[in-house]
Amino acid sequence: MATRYYITLPDGRRARGSDPDLSFTAQSGPGFAAELQDALRSDRLFERWRMKQDEPDEVDPSLGATDPTATVHGEQDDLHIDLVVTSTIPGTILKQRLRLLAGSAWELRDVTAA
Numbered sequence: 084m085a086t087r088y089y090i091t092l093p094d095g096r097r098a099r100g101s102d103p104d105l106s107f108t109a110q111s112g113p114g115f116a117a118e119l120q121d122a123l124r125s126d127r128l129f130e131r132w133r134m135k136q137d138e139p140d141e142v143d144p145s146l147g148a149t150d151p152t153a154t155v156h157g158e159q160d161d162l163h164i165d166l167v168v169t170s171t172i173p174g175t176i177l178k179q180r181l182r183l184l185a186g187s188a189w190e191l192r193d194v195t196a197a
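If you read the sequence shown in this note's numbering, its first letter stands for residue 84, the second for the next number, and so on.
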């Protein structure tokens with residue numbers, strides 16, 4: 084069952100993870116949405132992160148879950164970005180991906196059934 088997550092990036096310029104190789108590079112609401120959507124639909128971000136771990140082969144493969152039908156819509160209002168994610172990805176995995184992409188510069192505003 085799909086879930087809808089309402090996420091805010093209070094300042095898009097600060098929405099960067101600690102590792103530039105894994106972090107958002109976007110500058111606009113649609114750009115942030117496209118990058119997050121890719122991180123949910125494919126395992127590219129997960130694989131880049133996994134290969135940086137001390138023991139990549141010991142990383143729990145369930146952390147690489149993907150949802151090829153995930154959608155993310157982004158809107159920008161001045162500096163802040165609002166993202167609406169619709170996905171079957173578990174919330175813990177969504178949060179892990181957001182921490183990689185945006186560090187701690189994001190807020191989960193609401194969660195509803197899709």
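Think of the hints as simulated: they come from the structure by calculation, not from any bench.
Be aware that a few hints might be false.
Claimed, not checked - Now the in silico label distances, taken between C-beta atoms and shown as ranges:
| no. | residue 1 | residue 2 | range |
| --- | --- | --- | --- |
| 1 | THR108 | ASP160 | 14 to 22 Å |
| 2 | ALA117 | GLU138 | 30 to 38 Å |
| 3 | PRO113 | ARG87 | 13 to 21 Å |
| 4 | PRO113 | ARG182 | 30 to 38 Å |
| 5 | ASP193 | SER125 | 31 to 39 Å |
| 6 | GLU138 | THR195 | 36 to 44 Å |
| 7 | LEU146 | LEU191 | 17 to 25 Å |
| 8 | ASP94 | ASP140 | 18 to 26 Å |
We put the beta carbon where it would ideally sit given N, CA and C, even for glycine.
Outcome of the hint check:
1. THR108 - ASP160: 14 to 22 Å: With a Cβ separation near 21 Å, THR108 and ASP160 satisfy 14 to 22 Å, so the hint holds.
2. ALA117 - GLU138: 30 to 38 Å: Given range 30 to 38 Å: holds, Cβ gap about 32 Å.
3. PRO113 - ARG87: 13 to 21 Å: Hint holds: Cβ distance 18 Å, inside 13 to 21 Å.
4. PRO113 - ARG182: 30 to 38 Å: Check failed, 22 Å falls outside 30 to 38 Å.
5. ASP193 - SER125: 31 to 39 Å: For SER125 against ASP193, whose Cβ atoms are near 26 Å apart, the range 31 to 39 Å is violated.
6. GLU138 - THR195: 36 to 44 Å: holds (38 Å)
7. LEU146 - LEU191: 17 to 25 Å: holds (19 Å)
8. ASP94 - ASP140: 18 to 26 Å: violated (37 Å)
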